[in-house]
Amino acid sequence: MNSVLALNPYTAEDYLATEALADFKSEYYAGEIFPMAGGSINHNQIVINLCIIFGLAFKKQPYRVLAGDVKLHTPGFESFTYPDVMVIKDPPAYWQDRRDTVCSAVSVVEVLSDSTKDYDRGDKFAVYRQLAELQDYILISQDKIHVEHYSRQAPQQWLMTEYTSLEAVLTVAALATDLALSDLYDKVAL
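Residue 99 in full-length UniProt numbering sits at position 99 of the sequence shown, with consecutive numbering throughout.
Certain hints may be false.
As the list claims (entries may be wrong) - In silico lysine-lysine, BS3-like type, Cα no more than 30 Å apart, as pairs:
#1 Lys60 x Lys187
#2 Lys59 x Lys89
#3 Lys117 x Lys25
#4 Lys60 x Lys89
#5 Lys59 x Lys187
#6 Lys187 x Lys25
#7 Lys187 x Lys144
#8 Lys117 x Lys89
#9 Lys117 x Lys187
#10 Lys117 x Lys60
#11 Lys144 x Lys117
#12 Lys144 x Lys60
Everything labelled a hint here was simulated from the structure, so no lab data went into it. Predicted model only: the values in this text are computed from it and were never measured.
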């Protein structure tokens, strides 16, 4: 992932001011601003499928499902990201009373693209792991059946489970729900 500016680090305030006026979304990490790549039909379909699955599972539950347009701020890292999908507890924990930014999530899901997969698996996950409330981090491939599910076992311990079959069912224990890969990949052209 290439940043817009790598020579002079931006402050979080610079990022937020730039983001407010921008015609496109970008993320902020370690003083750098990263423009977000455009999504594909597969990417969008997976996000929609997941929102439907989670939305139905959490009806009348104390969770909200957010997709793509709400920033997640990681305190202590001054990072701002736009997870493809995140599940937060109700009521939302807003950052500095900003209705477009939360600072806590129970589950975060990223749909992988060629331009972001290394960042999603590396630096971004390292930052997300610092969120005390985060229990699940799920990475979904959009061009083949492949899901990586990281579930928190203890404060510094994560278990990674891979799924590569449409018959597989991923259990999100922290949210007491299951994700059938056949539903997750419904209408996705592989």
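- Query: Within a Cα-Cα threshold of 30 Å, do Lys59 and Lys187 meet the stated pairing?
  - Reply: At roughly 24 Å apart (the allowed maximum being 30 Å), Lys187 and Lys59 satisfy the hint.
- Query: Going straight from one Cα to the other, do Lys144 and Lys117 come out at no more than 30 Å?
  - Reply: Since the Cα atoms of Lys144 and Lys117 sit roughly 14 Å apart, the hinted pair holds (cutoff 30 Å).
- Query: Is the hinted pair Lys60 and Lys89 satisfied, with a Cα-Cα distance of at most 30 Å?
  - Reply: Holds, at roughly 12 Å.
- Query: Given the hint that Lys117 pairs with Lys60, does the C-alpha gap stay at or below 30 Å?
  - Reply: Status violated; Cα separation ~34 Å.
- Task: For the pair supplied as a hint, Lys117 and Lys187, confirm whether the alpha-carbon distance does not exceed 30 Å.
- Result: holds (22 Å)
- Item | Hinted pair Lys187 and Lys25, Cα distance within 30 Å | holds (26 Å)
- Task: Please work out if Lys60 and Lys187 have their alpha carbons no farther apart than 30 Å.
- Result: Holds, at about 27 Å.
- Message: Between the alpha carbons of Lys117 and Lys89, is the straight-line distance 30 Å or under?
- Response: With a Cα-Cα distance of about 27 Å, the restraint between Lys117 and Lys89 holds, given a limit of 30 Å.
- For the pair supplied as a hint, Lys187 and Lys144, confirm whether the alpha-carbon distance does not exceed 30 Å. holds (13 Å)
- Task: Measure nothing beyond the straight line between the CA atoms of Lys59 and Lys89; if it is 30 Å or shorter, mark the hint as holding.
- Result: Holds: Lys59 and Lys89 sit about 13 Å apart, inside 30 Å.
- Query: Would the pair Lys117 and Lys25 pass a check requiring their Cα atoms to be no farther apart than 30 Å?
  - Reply: holds (18 Å)
- Item | Restraint status (C-alpha distance of Lys144 to Lys60 at most 30 Å) | The hint is violated at about 33 Å.
Consistency with the previously given hints fails for numbers 10 and 12, ordered from lowest to highest.
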